Amino acid sequence: MKTKLVYLLVAITMFVSACSPAAGSPTSTSTAQRTLIVMTHDSFAASKSVISAFETANNIKLQFIASGDAGTALNKAILAKDNPFADVFYGVDNTFLSRALTESIFQPYNSPILTDIPAQYKQDPQNNALPVDWGDVCLNYDMQYFSNHNIAPPQNLEDLLKPEYKNMLVVENPATSSPGLAFLLATIGHFGTGKYLDYWRGLVANNVQVVNDWETAYYTNFSRWGGDRPIVVSYNSSPAFEVVGSKTPVSAPETAVITSDGSCFRQIEFVGILHGTKNLDLAEKWVDFMLSTTFQEDIPLQMYVFPVNPAAKLDATFQKFLAIPQNPAYVSPDDIAANRESWINAWTDTVLR
Amino acid sequence: MIFKRYRSASLILLWLAPVCFLALFYFYPMVSILTLSLARSQGGLLTPFISALTSPITWRVLSFTFWQAILSTLLTLAVGLPGAYLISHYDFRGKGLLQALTGIPFLMPTLVVAAAFNALLGPNGWLNLGLKRGFGLTSPPIHFSNTLIAILIAHVFYNTTIIIRMVGDFWSHVDPRLGQAARMLGANRWQAIRRVTLPILTPAIAAAALLVFIFDFTSFGVILILGGPRFATLEVEIYYQTISLFNLPMAAVLAIIQLLCTLGLTIFYTRLIRRLSIPLALKSHQVTQRRLTSPRARLVAGTIIILLFALLILPLAALAIRSVIRLEPNRGEQTVMSPGFTLDFYRALFTNSSQSIFYASPSTAIAVSLGYALATTTLALLLGIPAALALARDDSSPVSHSLDAMLMLPLGTSAVTLGLGFIVALDKPPLDLRSSWLLVPLAHTLVAFPFVVRNLTPALRSIRPRIRQAAAVLGASPGSVFQHIDLPLIARSLLVAAAFAFTISLGEFGATSLIARPEYPTVPIAIYRLFSRPGDINYGQALALSTILMVVAGAGMLIIDRMRIGDVGEF
Chain A
253 MKTKLVYLLV AITMFVSACS PAAGSPTSTS TAQRTLIVMT HDSFAASKSV
303 ISAFETANNI KLQFIASGDA GTALNKAILA KDNPFADVFY GVDNTFLSRA
353 LTESIFQPYN SPILTDIPAQ YKQDPQNNAL PVDWGDVCLN YDMQYFSNHN
403 IAPPQNLEDL LKPEYKNMLV VENPATSSPG LAFLLATIGH FGTGKYLDYW
453 RGLVANNVQV VNDWETAYYT NFSRWGGDRP IVVSYNSSPA FEVVGSKTPV
503 SAPETAVITS DGSCFRQIEF VGILHGTKNL DLAEKWVDFM LSTTFQEDIP
553 LQMYVFPVNP AAKLDATFQK FLAIPQNPAY VSPDDIAANR ESWINAWTDT
603 VLR
Chain B
13 MIFKRYRSAS LILLWLAPVC FLALFYFYPM VSILTLSLAR SQGGLLTPFI
63 SALTSPITWR VLSFTFWQAI LSTLLTLAVG LPGAYLISHY DFRGKGLLQA
113 LTGIPFLMPT LVVAAAFNAL LGPNGWLNLG LKRGFGLTSP PIHFSNTLIA
163 ILIAHVFYNT TIIIRMVGDF WSHVDPRLGQ AARMLGANRW QAIRRVTLPI
213 LTPAIAAAAL LVFIFDFTSF GVILILGGPR FATLEVEIYY QTISLFNLPM
263 AAVLAIIQLL CTLGLTIFYT RLIRRLSIPL ALKSHQVTQR RLTSPRARLV
313 AGTIIILLFA LLILPLAALA IRSVIRLEPN RGEQTVMSPG FTLDFYRALF
363 TNSSQSIFYA SPSTAIAVSL GYALATTTLA LLLGIPAALA LARDDSSPVS
413 HSLDAMLMLP LGTSAVTLGL GFIVALDKPP LDLRSSWLLV PLAHTLVAFP
463 FVVRNLTPAL RSIRPRIRQA AAVLGASPGS VFQHIDLPLI ARSLLVAAAF
513 AFTISLGEFG ATSLIARPEY PTVPIAIYRL FSRPGDINYG QALALSTILM
563 VVAGAGMLII DRMRIGDVGE F
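Read top to bottom, the protein sequences are chains A and B. Using my numbering, read the first sequence as starting at 253 and increasing by one per residue. Using my numbering, read the second sequence as starting at 13 and increasing by one per residue.
Hints are not guaranteed to be accurate.
Pairs of lysine-lysine, PhoX-like flavour, derived with a Cα cap of 25 Å [unchecked claim]:
1) A:Lys565 / A:Lys333
2) A:Lys333 / A:Lys313
3) B:Lys144 / A:Lys333
4) A:Lys414 / A:Lys565
5) A:Lys374 / A:Lys418
6) B:Lys440 / A:Lys313
7) A:Lys300 / A:Lys537
8) A:Lys530 / B:Lys440
9) A:Lys418 / B:Lys440
10) A:Lys313 / A:Lys572
11) A:Lys300 / A:Lys313
12) A:Lys300 / A:Lys333
Since the hints were derived computationally from the structure, they do not count as laboratory data. Predicted model only: the values in this text are computed from it and were never measured.
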């Protein structure tokens, strides 16, 4: 009989513990303090001082739900749209923007700061989704490798088809990797939908290597980190972070970025206020805060991307090693949404089969 | 009649907690997300099924999933069974350490495993580095990643410990006199193995192989990172359809196919096991194990130890060494590396140089991981023990068979589908757990619970029912029968089960990454964050933290192995 009692107790405690709303509930802190819940992806980061400045100024508590990559986080927000558990969503980029807008998870907000933001970053005329930061996916190369071998580094996408750059490029799979998709979009934007596959056929003939994720491409295959491929698809910020994120102080990066016209693809990340929020006033304040210089200046060293607000100042060392493409390739969010699957499938058939 | 009714009433009580748990935290979320996904289909319910089943991609993915899982399982058995033989038959110094070390791979997150193999076999790994230097080569001679071989070796690396522990543990209690008697009666060595040893071991081997197969079948990280873009399992395709394409109906159909395969496997397994289970008199270590005295025994043991060492321990050692050796190309001469000892990466781990709100010191991450692991172990044992008891007591009714098969389903479920299922289903008070930390131990328990059941049931089944009946006749209540008969007899299996639950939770990454709270990262999450940033200091810290995880895991395994030598585990 004793054991049965134990089992019953177990069952009961389980249900009670499962049902207790204590954990994660917004109301558990002090009496009048409200909580604003921000849903985002796992690359989100910010300085403690910046976050607490906002919390103290508004006497609120910020809670972040930051799990899963950008696509996963967005899917969660969409699936919860009838019964949202967050007030704001940050981190949808231009390759996913159409999905967010079609599913109408956001409500429009005409933040006063928007007037300061350059038009090139604004992709949604209704301002459901407001731009926060941007970063370019570009080809990086190992400068040491090219100087050691007395080869001039490539200048643009077309160069990679030349025989002297055979066996040199490693790219990420657009089906599994965000920079991989961005680079495919760069080739589509640059060569056009009719010709991009020809370009990739040329890369295959030049023995391009494909891996599934940025970590493998950068840390396993890129020659800077011991691999045998001196050209890699990464970000325009990577060389600067090689300097900032180096163990020993170095005066200059060992890698460089190719920034010729149409060789990069610009990823822009957006924030939006979720439909159904009960904290609209706070949500608007938070969005304003994200666009303000305080938050914008914190972005680069925390998230490795760049502020959209031109008033935000960049760290001096950082700025020194930053290469910014003047004319990145462009593909509209609607085109990406409409063709994502067929482009990736066509690419897979051409490059992997 | 009364006895029978009493029996089924007690069975219902035993099943109550496990069934409620699965219903609430597995079936409800799964049914919710699958129906919601299918409802999004534009051309009616059947369309996604038709388009999935007529697509050549589905069939290609499905056949590859089976093919690599079968190959991986066979290879794992080939490595694991000699290992199980070694630890069950011989007593030697360092055995506990060997067992603990071979257990570490199982709980390593895929990113760490990929980094470990990279440190050993990658273009700049120790092996290629040595070959390049030794033979004066300019390019690395070994190409490991993005091959089928890499997938198979990684699967063997991960799962060998399942075979060693589950089969070895059972084997160490099998009376050696059974085999000896067969030899005395004129059977040769091979006949004795085939007719006596194998039939006795089959339930344990089948149980272990099934678990290995399910893990290989639903493999995700290994395929993605080490296998590369040319290989896709169902799990990888489900992820792609869900996240990249947001084709939820297609993802749902693939998830259902994966579930049906798992269900089919477990039904097959439960049938098999019913026919094969033999009640045995389990023997103590003292009877079954010998010291390594003869030269032949030493040779056999030495060979097995070297094999296990090369496959399971070397990659981990390569990673640990890389975390304290700075290895950068000398500027100016690309091919020459200058190794040097450094503890900088460990120092950097303990400073929050970025001032990030989500910074967690390694000690915080370890504490969070240990807390979740403890909660998971408790929950998994509380649910697993009654379920295993019920299964062992009633192995004939169809209800019991179908419940048995269903317990395994969470292992064959795609993490991304279940993760989204939580968001859709657990969204109303009092069960609004969408942003709760509780989701983490709950998800870990779903994975650990079947392990506990699979470990305990064979042990409970092999207890001769007459011992229980004798106790009952002598006036013991069912509770005291459990306490004085079952519990002491299964104590070792219980510890193995607890060890599995604990380590599964420590190393779980896939589900955790979907539901963890950013301010409470587990060690695998913290490692992932470091890996995904450029710069040698981040990569080095990731390796350092991985090494710390390895040490913590190894220490945990050692403690568990030590603990059972004392008061329990004597039969």
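Hint by hint, work out which the structure violates, then give me just those numbers in ascending order.
Those not satisfied are hints 1, 3, 4, 5, 9, 10 and 12.
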